[in-house]
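Student: Sequence:
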Amino acid sequence: MSLENHHPLWKPSAERIASSHMTAFMRAVHSRYCVNADDYAHLHDWSVKHPADFWNALWDFAGVVGDKFGDKFGGAGERVLVAADKLPFAQFFPDATLNFAENLLRPRAAGAEGDAIVFRGENRARSRLTYAELVAEVSRVAQALRELGVQPGDRVAAFLPNLPETVIAALATASIGAVWTSCSADFGARGVIDRFGQVAPKVLFACDGYFMNLKPVDTHQTVCEIAAGLPSLERVVIVPYLNPNRDTPPTAGMSDAVLWSDFVAPFAAQDLANIRFERMPFNHPLYIVYSSGTTGAPKCIVHGAGGTLLMHLKEHLLHCDVHPGDRMFYFTTCGWMMWNWLISALASHATLMLYEGSPFLSRGGVLWDYADEEGITHFGVSAKYLDALAKIKMHPMETHRLSTLRQILSTGSPLAPEGFDYVYQHVKRDVCLSSISGGTDLIACFAGGNPNLPVWRGELQCALLGMRVDVFDERGHSLKGQKGELVCTAPFPTMPLGFWNDPEQKKYRAAYFDRFPGVWHHGDWCEITPHGGLIIYGRSDAVLNPGGVRIGTAEIYRQVEKLEEVAESLVIGQNWGRDIRVVLFVKLQEGFTLTDSLMRRIKDTIRVNTTPRHVPDKILAVSDIPRTKSGKIVELAVRAVVHGEPVRNTEALANPEALEQFRDRVELRA
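Numbering follows the numbering used here, in which position 669 of the sequence shown is assigned residue number 664; successive positions increment by one, without gaps.
A hint or two may mislead.
What the hints assert, rightly or not - The calculated PhoX-like cross-link candidates involving lysine-lysine, where the alpha carbons are at most 25 Å apart (straight line), are:
#	residue 1	residue 2
1	Lys379	Lys210
2	Lys582	Lys379
3	Lys386	Lys624
4	Lys388	Lys557
5	Lys598	Lys386
6	Lys501	Lys81
7	Lys63	Lys6
Everything labelled a hint here was simulated from the structure, so no lab data went into it.
Model the full structure from these sequences, guided by the hints.
Tutor: As structure tokens, this is what we get:
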């Protein structure tokens, strides 16, 4: 590692540390267990060595609503964690009962009538819901679903933009104990059917369209195709976002379609005390989320209600330091697990700040306008978004106040050290920049932010509490200060309940536990730093291996994307003879071409700042880089195309047409 981190980029003030939830939790742990937890290193060490005590303490600190050791389902005493040494079979709170939606809708500690949800759409649509209004709308949708016969365990699906109605429908589904699953509205019909078709939903919430770059996109035909491809559906509920004044549903081809307003019209709003919340076992299914599925059929990953709630409370309260009335924003679609993560902030009494549309309107300023005008405290975006703003020299520090902003979160791909520089030089100096890493597989994070710790250039601040994170070599030996495989050697509450239609859990165990038996293998190539932070170098299945030397793709991207001519890049290893050669594809900024001179500069930059092994054998220009709908570049899909192998489920891609630029390239035949 060579990031020249002699001084942190940011340190929290003594006042900020003193007032943080992390500090309050340290005091609670010390009082309850007489544990020396006066700094984060000691607290984390205790949390992974005494997981039952840690998760029990967190339940109480967060004020989880439920019966922790109840006997409704045959409880056997105060059990927090059973079979802890038998991954993947460990279970948390096996006797507990709770309801996820009840925990998100409970009255706030302060200001129950304040904003619960604030929404902005790029088409100038704006709305807000008070806490009481959110509760009322959830109650009406829940009644309508019950009237339709939706019961615990039934699946309810959504093909929707990031709207208040999406949150309302998800919470109504959870209140019943039914299972929520969603795709973003920019998916094609085939991609949606590939996902929802596996889980047989009873109800589909869908939109009539959405806006992108100020242009309306009608989804009526797509919804008709989806409905026709899902024989399990009993009702399609249309949210008229594109045409909000619509008074009849677009029912061509859908005899069971009804407008949202008509769906809830027969039911009176209820207050919190009168909503019927089904308290189910801790490990009752809550969400089904999907792998990107570009190298195989999308995996249907099932997450439980209790684990999701507890993990998100830990991350929001302790690692994001969310206080009542804070305003949490994350730029996401409903097809990315960050949407599920975002809405859980209600349980920490935060206001959800939703945005639907392009983040690059007003030359990238639209989200910063939102932050200023609505007083956003927690601002989450992708690393690629920050990289793009740096490239176009958009400097919010010069154009916006951002006076309320305390934390910037970044995920989706590794945030390069230069991305850290950009934030502190051109966005805000006094802000906790938290690069976070986890994923759909755990619907949470292994590593990320901490309000009590400094921020070091290029590093995730810490492994999160309760996560026994390590780095293994190929033989399963722990590494210190070296690159290797990210693993978790102890159970955590959001280990998936399993994959849908995988009754013997063969696919589930193969995905995470076969590589290192009894250990969660996550598939990231990373390093633990001397500061106790982490550096993520990319996915380990995309790691390059020229001459037997393993190279993380992010190491190359960091160097290439320094150059002003390069907008972004993608690198793969191409099979060549008996070895692997490194092939770099570059998308150039407008007005530039890939000349011999530029190729030499790219190679020289990589060679000087890394090693000769990192220097690509081939550099080719492309007009676009293929990525998933959540913004992740798809190195494995490109590698498959280059090698003439099939790429499945291209509906998972935001721009599948970009793959054709990589097929049968003459330059790669010699």
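Student: If you check each hint against the structure, which ones fail?
Tutor: Of the numbered hints, just 7 does not hold.
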